[in-house]
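**Student:** Protein chains in written order, with our numbering: chain G, 2 to 618; chain B, 2 to 618.
Treat each hint with caution, since some may be false.
Since the list gives no way to pick out one identical chain from another, each pair is judged satisfied if it fits inside one copy or across any two copies.
The calculated SDA-like cross-link candidates involving lysine to any residue, where the alpha carbons are at most 20 Å apart (straight line), are [unchecked claim]: (1) 134 x 527; (2) 176 x 241; (3) 134 x 516; (4) 176 x 283; (5) 420 x 582; (6) 134 x 514; (7) 204 x 258; (8) 593 x 101; (9) 487 x 423; (10) 134 x 487; (11) 176 x 27; (12) 391 x 560; (13) 251 x 211; (14) 140 x 150; (15) 289 x 316; (16) 342 x 462; (17) 251 x 538; (18) 204 x 596; (19) 593 x 86; (20) 487 x 560; (21) 420 x 307; (22) 337 x 574; (23) 420 x 601.
Simulated from the structure, these hints should not be mistaken for lab results.
Spelled out, the chains give:
Protein chains: 2
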Amino acid sequence: THRATKKKKAGRGLEHPVFPSCNGAGQSSFSLRSHTCGELCSSHVDEEVTLCGWIQYLRQDLFVILRDFSGLVQILIPQDEVANAFLGLTVESVIMVKGRVRCRPEGQENKKMSTGEIEVCAESMEVLNTCRKLPFEIKEFVKKSEALRMQYRYLDLRSPRMQYNLRLRSQMVMKMREYLCNLHRFVDVETPTLFKRTPGGAKEFVVPSGDPGKFYSLPQSPQQFKQLLMVAGIDRYFQLARCYRDEGSKPDRQPEFTQVDIEISFVDQAGVMSLIEGLVHYSWPEDKGQINVPFPSMTYEEAIRDYGVDKPDTRFGMKLVDVTTAFQESQIEFIKDALLKPSGCIQAICVPEGTVRTESGDSHSYVPTPQLNLQRSQCSLISKQINLFKQLFLANAGDLIFITAGPRENVVCRPLLGKLRLQCVELLESYGVPVRDPSVFHFLWVVDFPLFLPKEDNPEMLEAAHHPFTAPVPEDAHLLYTQPRKVRGQHYDLVLNGCEVGGGSIRIHNASQQLYVLDTILKEDPSLLSHLLEALDSGAPPHGGIALGLDRLVSIIVGAPSIRDIIAFPKSFRGHDLMSRAPDFVSEEDLKPYHISVVWPSADIEGHFAPTPVRHT
Amino acid sequence: THRATKKKKAGRGLEHPVFPSCNGAGQSSFSLRSHTCGELCSSHVDEEVTLCGWIQYLRQDLFVILRDFSGLVQILIPQDEVANAFLGLTVESVIMVKGRVRCRPEGQENKKMSTGEIEVCAESMEVLNTCRKLPFEIKEFVKKSEALRMQYRYLDLRSPRMQYNLRLRSQMVMKMREYLCNLHRFVDVETPTLFKRTPGGAKEFVVPSGDPGKFYSLPQSPQQFKQLLMVAGIDRYFQLARCYRDEGSKPDRQPEFTQVDIEISFVDQAGVMSLIEGLVHYSWPEDKGQINVPFPSMTYEEAIRDYGVDKPDTRFGMKLVDVTTAFQESQIEFIKDALLKPSGCIQAICVPEGTVRTESGDSHSYVPTPQLNLQRSQCSLISKQINLFKQLFLANAGDLIFITAGPRENVVCRPLLGKLRLQCVELLESYGVPVRDPSVFHFLWVVDFPLFLPKEDNPEMLEAAHHPFTAPVPEDAHLLYTQPRKVRGQHYDLVLNGCEVGGGSIRIHNASQQLYVLDTILKEDPSLLSHLLEALDSGAPPHGGIALGLDRLVSIIVGAPSIRDIIAFPKSFRGHDLMSRAPDFVSEEDLKPYHISVVWPSADIEGHFAPTPVRHT
């Protein structure tokens with residue numbers, strides 16, 4: 002057991018490493034500077050250098066700490082007329098310094114600073130710009146509200162952490178491109194973002210056109226285009242595709258996001274999975290350790306069975322265990338009830354060290370339990386199972402065991418334990434119990450998803466589990482026509498540390514099979530996809546692909562709490578740009594060419610309360 | 002003189018080279034095939050290969066020509082049971098063939114085919130998909146209307162020409178990224194496309210948001226973001242940026258297009274120009290010959306003086322010449338009139354071989370002349386100038402000389418000759434007179450543009466010649482406050498073969514100078530750009546950048562008649578996607594969350610003629 006005091010989360014990344022590629026040729030090409038601040042070291046001693054950067058500190062007109070993206074360097078201010086130029090300078094002002102590199106006097110080296118062995122003795126200085134306004138200090142330890150960070154994003158991005166994040170993202174994307182384009186001959190093709198609304202595309206932004214009543218739609222993915230490119234014989238396509246989804250104010254979602262979009266012809270599922278393993282391996286940041294390929298693979302059924310979720314976090318155990326047999330004779334009401342039903346089962350997880358003993362000697366749990374229908378009084382009833390649990394889970398005193406009961410196919414029974422498993426770990430970690438190593442990356446493929454799922458609002462009807470273009474697993478294809486609920490799809494999800502970071506499938510390339518799925522199984526109007534059906538009938542090759550969520554992937558790799566930390570100018574969770582104040586009012590005059598007008602919420606009471614739109618002239 | 006019969010334009014590119022990078026490792030990785038069709042040659046003889054592709058020809062069940070993106074190969078059909086599989090196959094069906102490579106029998110080699118020395122003897126064949134529907138043959142020489150090509154774009158893209166264009170574009174972009182990211186340490190940063198309407202952004206598409214009356218705007222360029230990234234210390238930014246412009250139905254424009262967007266801190270104009278020269282040189286396609294750097298440079302004044310336009314096509318002469326002195330004594334009415342005015346001048350161009358002598362012995366011109374106010378009767382009046390012209394232009398009998406007269410600053414006098422110069426060349430070329438070598442690429446910088454121009458509708462007012470963020474040339478900066486019309490901007494345009502392919506500038510980095518330009522000179526509301534002004538006051542480094550129009554650049558390089566030929570899925574000139582029929586109607590129901598409704602053109606007569614919107618369910 003552990004002390005029940007809430008500890009601060011492990012503070013990783015307080016001091017950020019300078020981004021590895023910051024030192025390298027070319028970073029000062031075409032520039033007024035000769036060197037970057039951070040690259041200077043004892044091998045530059047006696048060199049004449051020109052540096053440009055921001056004033057990080059200014060000490061008694063004796064020295065300046067100059068900063069650029071690559072790091073910090075100490076500038077010595079000579080005690081002659083050059084010193085006057087430094088008088089009254091504010092921090093974050095931008096200066097250009099010419100001077101000579103020299104070793105710091107013995108004993109004055111700064112081991113904490115990568116340039117701490119040297120300093121630059123200024124010979125001349127020019128103020129390039131003065132910093133007048135500064136809503137907060139550019140220091141990592143200064144706490145800023147998210148809103149303030151967003152409003153002054155151009156200052157927030159000066160932090161070493163944000164510089165690191167954006168540069169790592171750029172570098173990873175470049176490596177991905179090298180892998181796809183140079184090593185495997187993929188073709189980077191741009192597809193339109195002004196497209197047509199897809200059937201049921203409730204989350205698609207609309208863009209009014211000049212044709213009355215007609216709208217473009219900002220697509221959620223280039224799915225149709227990538228498949229059409231395969232029909233077009235492009236053979237191997239990729240794109241870092243901007244995608245759009247109007248999800249209102251879901252936390253940590255962005256109205257626009259980027260996916261690494263890939264499609265390849267004449268391929269099978271194993272081929273796409275190898276391709277992606279190679280891609281991730283090749284583009285993996287050097288400073289994040291090695292990752293091993295191939296990634297382990299798990300069926301959807303196994304994932305639900307063992308983790309209660311289709312994107313398991315495999316960095317820790319606490320798997321779900323079927324303990325039905327142990328409870329066959331149980332007299333506990335809810336368990337008895339469950340087992341009376343045809344496919345009733347009992348599931349359990351064990352949270353090691355999940356209880357604590359307080360100073361007064363009482364034992365209590367980290368996790369609030371009422372949600373589980375399991376009262377303290379019932380606990381004693383399961384005492385006879387305790388020995389079995391000890392065996393099954395290698396459980397010890399102080400461990401916490403959760404039990405659920407219900408029909409096996411039930412969408413509550415296992416998923417509930419799956420959620421609880423994650424909540425327990427988050428609670429344990431928030432109390433300082435280390436469960437998951439933050440430097441560890443667990444990739445996992447989840448495969449053999451069902452092709453169709455019952456519609457939530459009408460379980461008699463089916464909907465595509467992912468999208469209607471996914472091909473069935475070949476040995477299940479005949480079931481399409483007889484038992485579509487039993488068909489597994491050639492779909493694969495890539496999971497990293499319990500987050501879905503990619504998903505793809507082998508697509509249907511046969512027009513009549515695609516028509517059957519759309520028309521007969523999903524009851525969708527096939528005329529809306531007539532161009533795709535025609536294309537499949539015009540010599541479509543077998544093909545498949547995947548889309549990786551770049552924002553999510555990078556945010557996990559850098560350990561960012563939000564995808565907003567790896568996007569240069571993100572929107573707030575309400576979809577607002579707090580810096581420029583987008584979205585904004587547009588005059589009715591400016592809307593005229595698009596044949597639309599605003600329906601103010603108060604319009605039905607004659608518009609008396611409609612705000613006056615700001616007129617842009 | 003030449004024959005006046007209209008010749009066919011030089012037919013370049015009827016047979017397209019296979020794209021150079023089609024042969025290379027990796028192009029069959031992760032694939033069902035072992036090789037591509039086009040890579041096979043005599044060094045593969047006796048190898049067992051698996052090929053996947055489309056049936057280009059099928060001859061009497063004796064052989065098949067199989068095609069993939071890399072080229073064609075001949076498959077020999079053995080006269081055994083394998084032959085049955087080929088029976089009844091249609092062209093453009095997709096098959097997989099396993100077989101052995103062998104030399105073609107002597108005398109049967111095909112020198113016109115890159116794989117013409119070998120053939121593949123099929124051992125087994127699998128039909129992967131049957132082609133049922135084919136609105137036109139996939140043959141280069143089959144003429145298709147633009148509308149048909151667009152409707153079946155996935156077939157149109159199978160042509161070697163389109164494959165070449167898209168692959169060259171991908172390759173060039175990859176080389177650009179290597180140059181920027183790997184060689185010069187630029188950071189690839191994605192900026193939002195859901196942004197705020199810019200002041201006067203009449204051509205910006207709007208995107209309704211969930212906030213009543215508030216709209217995002219699809220930006221015409223990431224101009225503000227790239228400058229803010231410099232303030233953020235990103236130092237070197239680039240992005241292949243999707244940009245949007247609603248220009249209705251201007252020919253050869255697209256509502257969305259891509260620019261190579263670049264910004265760099267601590268740089269001057271010469272630095273940006275060198276950077277771009279290096280970029281173009283590095284990414285230049287191998288099969289397009291060498292280009293020389295640095296590119297020549299010309300001031301705006303020189304360009305207007307010598308070519309009558311700010312983006313001169315320097316692939317041919319026919320420059321404008323000031324012939325004012327030769328006409329000082331002229332009695333021709335319009336010339337006399339012009340010279341009476343203070344800055345009256347006479348300009349001329351000479352079109353070599355611009356006239357023809359018909360069989361009947363009459364001389365006449367290629368170019369219709371009435372637009373020039375120059376009647377045949379006046380021609381004789383200038384006979385005394387003819388000797389001078391012969392001297393000035395080295396003119397010969399049969400050459401055609403055009404003359405304009407007007408005030409020197411006039412925006413008609415020189416631009417008219419400039420346009421005529423281009424029209425003459427196009428006419429000459431259409432008649433088969435070679436003037437410009439189509440394999441030649443003339444890059445040119447145009448610099449020293451005026452910073453402001455009089456507004457067309459109100460010449461007392463000034464507008465930014467490019468955009469309000471361009472910095473003045475340092476030696477003109479003081480004129481901002483006294484004679485703003487005389488200020489030159491640190492702006493540079495990159496011109497290729499008479500087309501503007503890029504433009505950029507050193508930006509204003511001083512907040513008070515920026516405020517003065519916006520507020521005092523341009524009379525714009527500075528509050529709309531308050532976030533940018535604040536940013537400039539927070540330690541903004543000196544910076545500058547450029548944007549290259551990627552679509553235009555690539556289309557000139559591949560010699561495409563339209564940018565539609567280097568975009569996978571372009572819109573028609575009316576902004577329609579002819580394949581998916583976007584834009585399309587959206588139900589009022591689907592518009593509700595965005596608080597907008599359609600204003601049908603007939604709405605004022607109570608909407609009787611409003612079409613019923615198609616309901617998407």
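**Student:** Run every hint past the structure and note whether it holds.
**Tutor:** Each hint, compared with the structure:
{"no.": "1", "hint": "134 x 527", "verdict": "between (59 Å within a copy, 17 Å between copies)"}
{"no.": "2", "hint": "176 x 241", "verdict": "both (13 Å within a copy, 16 Å between copies)"}
{"no.": "3", "hint": "134 x 516", "verdict": "between (62 Å within a copy, 15 Å between copies)"}
{"no.": "4", "hint": "176 x 283", "verdict": "both (7 Å within a copy, 19 Å between copies)"}
{"no.": "5", "hint": "420 x 582", "verdict": "neither (37 Å within a copy, 44 Å between copies)"}
{"no.": "6", "hint": "134 x 514", "verdict": "between (64 Å within a copy, 16 Å between copies)"}
{"no.": "7", "hint": "204 x 258", "verdict": "within (14 Å within a copy, 24 Å between copies)"}
{"no.": "8", "hint": "593 x 101", "verdict": "neither (63 Å within a copy, 66 Å between copies)"}
{"no.": "9", "hint": "487 x 423", "verdict": "neither (29 Å within a copy, 68 Å between copies)"}
{"no.": "10", "hint": "134 x 487", "verdict": "neither (64 Å within a copy, 32 Å between copies)"}
{"no.": "11", "hint": "176 x 27", "verdict": "both (18 Å within a copy, 16 Å between copies)"}
{"no.": "12", "hint": "391 x 560", "verdict": "neither (36 Å within a copy, 76 Å between copies)"}
{"no.": "13", "hint": "251 x 211", "verdict": "between (32 Å within a copy, 13 Å between copies)"}
{"no.": "14", "hint": "140 x 150", "verdict": "within (12 Å within a copy, 58 Å between copies)"}
{"no.": "15", "hint": "289 x 316", "verdict": "within (16 Å within a copy, 53 Å between copies)"}
{"no.": "16", "hint": "342 x 462", "verdict": "neither (25 Å within a copy, 84 Å between copies)"}
{"no.": "17", "hint": "251 x 538", "verdict": "neither (40 Å within a copy, 35 Å between copies)"}
{"no.": "18", "hint": "204 x 596", "verdict": "between (22 Å within a copy, 15 Å between copies)"}
{"no.": "19", "hint": "593 x 86", "verdict": "neither (56 Å within a copy, 61 Å between copies)"}
{"no.": "20", "hint": "487 x 560", "verdict": "neither (39 Å within a copy, 54 Å between copies)"}
{"no.": "21", "hint": "420 x 307", "verdict": "within (12 Å within a copy, 75 Å between copies)"}
{"no.": "22", "hint": "337 x 574", "verdict": "neither (45 Å within a copy, 71 Å between copies)"}
{"no.": "23", "hint": "420 x 601", "verdict": "neither (41 Å within a copy, 50 Å between copies)"}
Hint violations for this structure: numbers 5, 8, 9, 10, 12, 16, 17, 19, 20, 22, 23, all remaining hints satisfied.
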